[in-house]
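*Asks:* Following the hints, complete the assembly by docking chain B onto the known chain A.
As you go down the protein sequences, you meet chains A and B in turn.
Take the first sequence: its letter number 27 is residue 27 in the numbering used here, and every next letter is one higher.
Throughout, the numbering used here is defined as the position within the second sequence, counted from one, plus 1000.
In case anyone wonders, no lab produced these hints; they're calculated from the structure.
Given the structure is predicted, the values throughout are model-derived calculations rather than measurements.
Mixed in with the good hints there might be a few duds.
[Said to hold, decoys possible] Facing chain A, a subset of chain B residues (Cβ under 10 Å, in silico):
#, residue
1, 1008
2, 1096
3, 1267
4, 1290
5, 1296
6, 1299
7, 1307
8, 1316
[Unchecked claim] Below, in silico cross-link-like pairs of lysine-lysine (PhoX-like), each with a Cα-Cα straight-line distance of 25 Å or less:
#, chain 1, residue 1, chain 2, residue 2
9, B, 1321, A, 321
10, A, 209, A, 256
11, B, 1321, A, 256
In this text, a Cβ means the ideal position worked out from N, Cα and C, and glycines have one as well.
For reference, the chains in residue letters:
There are 2 protein chains.
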Amino acid sequence: MSEAVEGTALQLRSLVKRSGELEVSLAEVPIPEPGPGEVLVRLEAAPVNPSDLGLLFSAADMTKAVASGTPERPVVTAPIPEGAMKSLAPRLDASMPVGNEGAGVVVAAGASPAAQALLGKTVAVLGGAMYSQYRALPAEQCLLLPAGATPAEGASCFVNPLTALGMVETMRREGHGALVHTAAASNLGQMLNRICLADGVKLVNIVRKPEQAALLRSIGANWVCDASAPNFMHELTEALVATGATLAFDAIGGGKLAGQILSCMEAALNRNAREYSRYGSTTHKQVYLYGGLDTGPTEFSRSFGMAWGMGGWLLFPFLQKVGPARAQELKARVAAELKTTFASHYSQRLSLAEALQLENIAVYNRRATGEKVLIEPHRG
Amino acid sequence: MSEAVEGTALQLRSLVKRSGELEVSLAEVPIPEPGPGEVLVRLEAAPVNPSDLGLLFSAADMTKAVASGTPERPVVTAPIPEGAMKSLAPRLDASMPVGNEGAGVVVAAGASPAAQALLGKTVAVLGGAMYSQYRALPAEQCLLLPAGATPAEGASCFVNPLTALGMVETMRREGHGALVHTAAASNLGQMLNRICLADGVKLVNIVRKPEQAALLRSIGANWVCDASAPNFMHELTEALVATGATLAFDAIGGGKLAGQILSCMEAALNRNAREYSRYGSTTHKQVYLYGGLDTGPTEFSRSFGMAWGMGGWLLFPFLQKVGPARAQELKARVAAELKTTFASHYSQRLSLAEALQLENIAVYNRRATGEKVLIEPHRG
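So here's chain A without its partners, still in its complex pose (with noise of 0.2 Å):
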């Protein structure tokens, strides 16, 4: 079962130079030895999502990137723009590896029973640098793949599927009865929309496009809203009256569609208002800014009374939150649903040298819906 796992191995390194420049390669480095608890996988496919793209690229203007090095040892630089360097202070001239999760087999395995029973098997991984060719993590650390599952079908297991999960339970534990989701014909949204249907969970999709919409109601969805039609407002006010959604997630957070929400979301509150309150609707209303699609400034009109709340949500403090012990479940529900609720679809496969190319790059730094990159390390 093992294989030759010393010498050196390839891990994706972004930089942040005092400079102000943006430095991305491929460094080598020594494949770890797994300690007692720990397996060494060898990584076989690694998602690009957007929330790796925060640190692969940080602020730099990927505009200006320029490639340098040799077709097997990319190197691309990119300026940052002066004003966002203040905020990179804790990461300058620190190489910092990258990559959410990924999925591949384990080739070596510390002493412990625990270990020593996944050597050999495919399993998930979720802790950073998994844009690598191996990692070293605690056994616990793995969620191991049902039989016949590849490194490819399980690469996405942990973000997107535990995110979408994630919403539905936050939707329950802060007392709200029906959700909304935007850039909903995502991955994530896809997940969530195949979630809220086997949970009887009434679900508003909101979409930037037609053809986006059409792909959402072929796959079963009830609520769809385009927000390029002219009747959004109206149609979502509609959507939110027939569910009764009182929280949102929003993928895009800049420009003005979170506090649509709330004013549609307050709109659909009074439709059957009896009597006028000059605070609006006194039913919390909330939306939460999940990713950032659009980076630029979020803007809002108050024009939802004063029962309102926006905010920042994150996987991470979530599953803090709801403890171990359910955040086990969550990924064990993952696991069973891996190749149905939570599949996963790529419009390209690409080597870490090929992750490089700046034509490459120019595709999945746009973070477009339908376009999902997966890195294979081992990929020559």
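*Replies:* Structure of chain B alone, referenced to chain A:
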């Protein structure tokens, strides 16, 4: 003790007509008879709070207001922009009394011991329709003022004092260690400053003019930041480092201030960060928008990580949340410190008719710090 309390009396009314016109006038209404548990209060003083203006003038464009009627029965009309009419549907063609709070003398009382005990006493009252000459209210809704306190001194017993106390209480309940307040030179801001000095709570005061900064410093404020100063963001960050404040109450609402506060909180939290976190500080930063002195849109760049929230904050839901026992404790403190901590200052005292003169409206509708009006409903 009793006096003639029958017949009719004046009451200020605000009416939004379906035609898109606001009409504010004085109505003659029957003096109510107190029920068994009620008292009849002869209202002597009622402040115009920013929170009253929304009901009083609704969304009308008061720069286009027109006066008619007689000096004793003035009528003010003003157009309402078409876009605002939709949200006013529940109040169309309903003539509404105005005035959240006030103070006066109990001139008649129902049979209950609680009501009888208040006969002849000076009380502060909360509950709407206070721009009236008489109001019947449940005895338990009255706050008995200390001996020697005048109605003018007790007129602002509830909205500002309980809001200021509510901010400190919210800070403690939500686990923050210090506070930020905007429009901090206002009556409410000065109260909050006195409360925080007395209670040992660190308070960062944000004002919009140098003279307001000087005023606050003259009454003992330790941290004052002038948003009109070129180095405002730097000064605010320094004050946040010094105080550790992660909760702000913002009276402005519109513009960029709320977002700037979150950004400076984040910068303060990261000042001594040893490790780069791509998601920013994990400490939750919160801004509550409790007012809308700037009615324009709210705008922010999301430069403060993911652990943040914005939301509406209102006094009445807060009082419900803390429950009647705690609310009563807060009210007792207001009565006990009426002439010190909770003293209010008025720039003008107006009769009901004077309150409807266009030149007076132009002044108090500016919501400018330092310009607060007291209506004296029985003044000729």
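*Asks:* So, for every hint listed, does it hold in this structure?
*Replies:* Results for each hint:
Violation of the interface hint for residue 1008 of chain B is found here, the shortest Cβ-Cβ separation to chain A being roughly 25 Å, above the 10 Å cut-off. The restraint placing residue 1096 of chain B at the interface with chain A holds, with a minimum CB-CB distance near 7 Å, inside the 10 Å limit. Taken as an interface hint, residue 1267 of chain B checks out: its beta carbon lies about 8 Å from the nearest beta carbon of chain A, inside 10 Å. A distance limit of 10 Å between C-beta atoms decides the matter here; for residue 1290 of chain B the minimum to chain A is near 8 Å, and the interface restraint holds.
Taken as an interface hint, residue 1296 of chain B checks out: its beta carbon lies about 8 Å from the nearest beta carbon of chain A, inside 10 Å. Taken as an interface hint, residue 1299 of chain B checks out: its beta carbon lies about 5 Å from the nearest beta carbon of chain A, inside 10 Å. Hint on residue 1307 of chain B holds. Least Cβ distance to chain A is approximately 6 Å, under the 10 Å limit. Interface restraint check: residue 1316 of chain B against chain A, minimum CB-CB distance 8 Å, threshold 10 Å, status holds.
For the given pair, residue 1321 of chain B sits about 23 Å from residue 321 of chain A by alpha-carbon distance, which is consistent with the 25 Å threshold. At roughly 17 Å between alpha-carbon atoms, residue 209 of chain A and residue 256 of chain A fall within 25 Å of each other, so this suggested pair holds. The hinted pair formed by residue 1321 of chain B and residue 256 of chain A fails the criterion: a straight-line CA distance of about 31 Å is larger than 25 Å.
When the structure is compared with the earlier hints, violations turn up for hints 1, 11 and for no others.
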